[in-house]
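J.: Chains as they are written, first to last, in the numbering used here: chain A, 1 to 447; chain B, 448 to 759.
What the hints contain is simulated information worked out from the structure, not anything from laboratory work.
Among these hints, one or two may not hold up.
[Stated by the list, open to error] Okay, the calculated beta carbon distance ranges per label pair:
hint	chain 1	residue 1	chain 2	residue 2	range
1	B	SER746	A	ARG84	40 to 48 Å
2	A	ARG160	B	ASP621	29 to 37 Å
3	B	GLU499	A	ALA90	33 to 41 Å
4	A	MET366	B	GLN725	18 to 26 Å
[To be verified] Partial list, derived from the structure: chain B residues whose beta carbon lies under 7 Å from chain A:
hint	residue
5	GLU489
6	VAL498
7	ALA597
8	THR651
9	SER684
10	ASN688
11	LEU726
Idealized CB from N, CA, C, for every residue including glycine.
The chain contents come next:
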Amino acid sequence: MFESLTDKLGQALRKLRGVGKLSEENMADALKEVRTALLAADVHFKVAREFVERVQTQCVGQEVLKGVAPGQQIVKIIHDELVRLLGEGANALSGARPLKILMVGLHGSGKTTSTAKLGKLLKKRGYRPLVAACDVYRPAAIDQLEILASQEELAFYCDRISKDVPAIGVAALAAAQAATADCIIFDTAGRLQIDADLIEEVKKLHARIQPDEVLLVADGALGQEAVNVAKAFHDALALTGLVLTKMDGDARGGAALSIKSIANVPIKFIGTGEKTGDFDTFYPERLAQRILGMGDVVSLVEKAQETIDQKEAEKMAESLRKGDFNLDDFLAQMQQIKKMGSMQSIIGMMPGMSGMELPAGADKQMARTEAIIKSMTRQERKKPDILNGSRRKRIADGSGVKIVEVNQLLKQFQQMQQMMKMLKGGGAKKMMRQMEAMKGKGGFPGM
Amino acid sequence: MFGLFKKFKTGFAKTVSAISTKTKGLFSGRKIDVASLDELEEALYTADFGVETTGEILTEIKAAYKKEKELRGQEAAAIGAAVLARTLEGAEGVLKVGTGGPSLAKNPGVIALIGVNGSGKTTTAAKLAWRLKQDGKTVTLAACDTFRAAAVEQLKTWATRLDLEIIASHTGADAAAVAFDAWQAAKSRGRDYLIVDTAGRLHTKGNLMEELAKIRRVLQKHDPAAPQHRWLVVDGSLGSNSIEQARVFHQSFGLTGLVVTKLDGTSRGGALVGIWRQLKIPIYFLGLGEQAEDLQPFSVENYTKAVFGLDE
Ligand SMILES: Nc1nc2c(ncn2[C@@H]2O[C@H](COP(=O)(O)OP(=O)(O)O)[C@@H](O)[C@H]2O)c(=O)[nH]1
Ligand SMILES: Nc1nc2c(ncn2[C@@H]2O[C@H](COP(=O)(O)OP(=O)(O)O)[C@@H](O)[C@H]2O)c(=O)[nH]1
Ligand SMILES: [Mg+2]
Ligand SMILES: [Mg+2]
Numbered sequence: 001m002f003e004s005l006t007d008k009l010g011q012a013l014r015k016l017r018g019v020g021k022l023s024e025e026n027m028a029d030a031l032k033e034v035r036t037a038l039l040a041a042d043v044h045f046k047v048a049r050e051f052v053e054r055v056q057t058q059c060v061g062q063e064v065l066k067g068v069a070p071g072q073q074i075v076k077i078i079h080d081e082l083v084r085l086l087g088e089g090a091n092a093l094s095g096a097r098p099l100k101i102l103m104v105g106l107h108g109s110g111k112t113t114s115t116a117k118l119g120k121l122l123k124k125r126g127y128r129p130l131v132a133a134c135d136v137y138r139p140a141a142i143d144q145l146e147i148l149a150s151q152e153e154l155a156f157y158c159d160r161i162s163k164d165v166p167a168i169g170v171a172a173l174a175a176a177q178a179a180t181a182d183c184i185i186f187d188t189a190g191r192l193q194i195d196a197d198l199i200e201e202v203k204k205l206h207a208r209i210q211p212d213e214v215l216l217v218a219d220g221a222l223g224q225e226a227v228n229v230a231k232a233f234h235d236a237l238a239l240t241g242l243v244l245t246k247m248d249g250d251a252r253g254g255a256a257l258s259i260k261s262i263a264n265v266p267i268k269f270i271g272t273g274e275k276t277g278d279f280d281t282f283y284p285e286r287l288a289q290r291i292l293g294m295g296d297v298v299s300l301v302e303k304a305q306e307t308i309d310q311k312e313a314e315k316m317a318e319s320l321r322k323g324d325f326n327l328d329d330f331l332a333q334m335q336q337i338k339k340m341g342s343m344q345s346i347i348g349m350m351p352g353m354s355g356m357e358l359p360a361g362a363d364k365q366m367a368r369t370e371a372i373i374k375s376m377t378r379q380e381r382k383k384p385d386i387l388n389g390s391r392r393k394r395i396a397d398g399s400g401v402k403i404v405e406v407n408q409l410l411k412q413f414q415q416m417q418q419m420m421k422m423l424k425g426g427g428a429k430k431m432m433r434q435m436e437a438m439k440g441k442g443g444f445p446g447m
Numbered sequence: 448m449f450g451l452f453k454k455f456k457t458g459f460a461k462t463v464s465a466i467s468t469k470t471k472g473l474f475s476g477r478k479i480d481v482a483s484l485d486e487l488e489e490a491l492y493t494a495d496f497g498v499e500t501t502g503e504i505l506t507e508i509k510a511a512y513k514k515e516k517e518l519r520g521q522e523a524a525a526i527g528a529a530v531l532a533r534t535l536e537g538a539e540g541v542l543k544v545g546t547g548g549p550s551l552a553k554n555p556g557v558i559a560l561i562g563v564n565g566s567g568k569t570t571t572a573a574k575l576a577w578r579l580k581q582d583g584k585t586v587t588l589a590a591c592d593t594f595r596a597a598a599v600e601q602l603k604t605w606a607t608r609l610d611l612e613i614i615a616s617h618t619g620a621d622a623a624a625v626a627f628d629a630w631q632a633a634k635s636r637g638r639d640y641l642i643v644d645t646a647g648r649l650h651t652k653g654n655l656m657e658e659l660a661k662i663r664r665v666l667q668k669h670d671p672a673a674p675q676h677r678w679l680v681v682d683g684s685l686g687s688n689s690i691e692q693a694r695v696f697h698q699s700f701g702l703t704g705l706v707v708t709k710l711d712g713t714s715r716g717g718a719l720v721g722i723w724r725q726l727k728i729p730i731y732f733l734g735l736g737e738q739a740e741d742l743q744p745f746s747v748e749n750y751t752k753a754v755f756g757l758d759e
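Same shape as in the complex, but just chain A (with noise of 0.2 Å):
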């Protein structure tokens, strides 16, 4: 759906071939690409024009470095400048004891999930936390925390007549007191920003309680709405940090660098899964990469641990480190992806590719990739080489497809074996160069 932003400043730059110094005037293509990577990542639209204004303003006046070609030259200043505002301020938690955390968002982001999940990390770091039912609204909001709580072994208060959620918060303190909790975590009712009676209610739960950490959890596929979010939640509340939830889908997350404009305030943690356990600490790497269309492979790999058996991730592992990755591996690779996920998925996810748009059918296209592989030799699975017109034409009969398809797939896999060894290889840089080689558009001048 969305080229990746390497893809499309791949046009812009090949203005910047041979010039000697970078200009408002030949970055203005290019830096007009960037904003619209942005804005389709869902990143605010004015926090897309100051950044790119930021960015132009580093770049005027550079000396286009010996070398190195000009596009790749912009790209790193906007990748470090993103991951420098992503990366902004320490993501600890406030050393105090008690630790007071108050959980505070829209509805359905993650607010009860991630109280438990925090509540279960913190357990794990020696913690005693209580969590505190503070959503009086929303049907068996109570339930859900009690149960969650009780999954982790944590303390749990509530109250189930009373709805005066500032009294609530206060009782549960006096609770974490006599159960000696030394961490207290308040699960709050879903609000929008504009309602005043709700803003109202949780300000006043904010000065009874006086919480050391004021959370945001926001879901990382938000939209252009995450700055008015944050910021009515921080001039409510003084925001500490950011929780990014759900991120173990395939949003962009763009309105994470909305919020962190906004309100400046750190990003904490990332949801990543339903699961109590599915919650990490936050690397600013992996997600400019994401909002820039960069593909990531950290998440990629994560997600295959996940769907696929050990010892198949293992060979896997292991062709991938040797570089030699043959049709058989191909093959296996592909039915391993389908229990992975849709295709589109994935591919999103890899880099180079995420701008890739899938044909619809595209899984019924594996099923014919799957047929054409089955109708090879072993020989000719382990050394594809071999695959002369005549073999390729007994494949293509064998398998009810056409020669070219043969051919395409041939083209496909021996592309997917250089990333791979790229891959090996490590380095951005040279997988850059791949994902060029990859779109077939010779797309990215110089790099």
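On the provided structure of chain A, position chain B with the ligands as indicated by the hints.
T.: Chain B with the ligands alone, transformed into the frame defined by chain A:
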């Protein structure tokens, strides 16, 4: 009934004012200029219309401006609304409420609500059941989110509150089995509709998508046409990822409709335009709050007018 109607009006009024505050200054009687075109671009982007739709609307307004330098804000707004209405032509989903149930065989009409985590499926199930009940229909709810903690209790609480019939099992039970039993119950009691609430799942998770297919297969043992309605519940405050969600759910489940929730905030739900553009899945309802009555049929006219503040 009158109270209900009024509630719809106020719910919608909230959306209208929220959208037009953004564009009010812009679409006044004053003349358009370069600066206001910039503002317009910003307003469109911040409504989550995305790169394509924003581009189209801007192009038409700019073309009109090129021809007619005296173009007024109001006229520009009308052009924008027209482009949007054209884009959304046919996007209104209408739930047919015939007498005695929608299905020929007098089987219950099954509406399955699916979507990512926290999008509003359970709340929508309750709202929808309540709405159908207000229309004189008989409805059974099926609590098929047997995964999330207290999801069953949540729907049960709604059922008690609104006096709705519900078939539920316990957390950890087989969702498809609950759906199967619920259909049986709805059929034997001669209900018009069966509304199936399902667990949230990210579209990227193949195994969870497979569970949906299983629910469908099991329902089809009763009635090959079931579930007749397969609606994706989308959080209106999300950005472009909802298009991706819709695409994948559509591929694996064959969506027949959309419900866009949480539009009582300041989100303009522009991503629904993107979904419609790409997949042509009609939009049935908008969610405008947390109460039972906060569900409103989608109207292209109201929506486009609201976006461009043409009602005032
Ligand atoms: N996939 C995924 N689902 C999540 C994550 N965090 C929360 N959820 C799910 O999102 C839904 C809403 O979460 P909940 O904690 O009830 O949100 P709240 O309304 O803000 O309290 C539930 O179905 C959760 O299981 C996450 O990081 N990944
Ligand atoms: N403001 C608002 N909140 C909503 C709307 N629909 C659902 N919610 C809230 O969003 C949260 C998640 O809803 P739920 O129905 O549990 O989502 P599910 O996980 O998809 O079943 C709950 O707090 C609901 O009260 C809506 O239209 N407007
Ligand atoms: Mg909650
Ligand atoms: Mg639910």
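J.: For the hint on B:LEU726, does the least C-beta distance to chain A fall short of 7 Å?
T.: Constraint on B:LEU726 not satisfied, violated at 10 Å.
J.: Just to be careful: measuring from the Cβ of B:VAL498 to every Cβ in chain A, is the smallest value less than 7 Å?
T.: OK, holds: B:VAL498 within 7 Å of chain A, min 6 Å.
J.: Any CB of chain A closer than 7 Å to the CB of B:SER684?
T.: 5 Å, holds
J.: Do the beta carbons of A:ARG160 and B:ASP621 sit within 29 to 37 Å of each other?
T.: Once the Cβ atoms are compared, 30 Å apart, the range 29 to 37 Å for B:ASP621 and A:ARG160 holds.
J.: Would you say the C-beta atoms of B:GLU499 and A:ALA90 sit inside 33 to 41 Å of each other?
T.: Holds, since B:GLU499 and A:ALA90 (Cβ atoms, about 40 Å apart) stay within the stated range.
J.: Given a hinted range of 40 to 48 Å, is it respected by the beta-carbon distance of B:SER746 and A:ARG84?
T.: Given a distance of about 46 Å, which is inside 40 to 48 Å, the answer is holds.
J.: Holds or violated: B:ASN688 as interface residue toward chain A, Cβ cutoff 7 Å?
T.: 4 Å, holds
J.: Against chain A, is B:GLU489 within 7 Å by beta-carbon distance?
T.: Since chain A brings a Cβ to about 5 Å from B:GLU489, closer than 7 Å, the hint holds.
J.: Measuring from beta carbon to beta carbon, are A:MET366 and B:GLN725 in 18 to 26 Å?
T.: At roughly 22 Å between Cβ atoms, B:GLN725 and A:MET366 fall inside 18 to 26 Å, so the hint holds.
J.: Can the hint on B:THR651 be confirmed by a CB-to-CB distance to chain A that is less than 7 Å?
T.: 4 Å, holds
J.: Verify the interface restraint on B:ALA597: the C-beta must sit less than 7 Å from at least one C-beta of chain A.
T.: It holds, given that the least Cβ distance between B:ALA597 and chain A is near 4 Å, below 7 Å.
Against the hints set out earlier in the document, a violation occurs for number 11 only.
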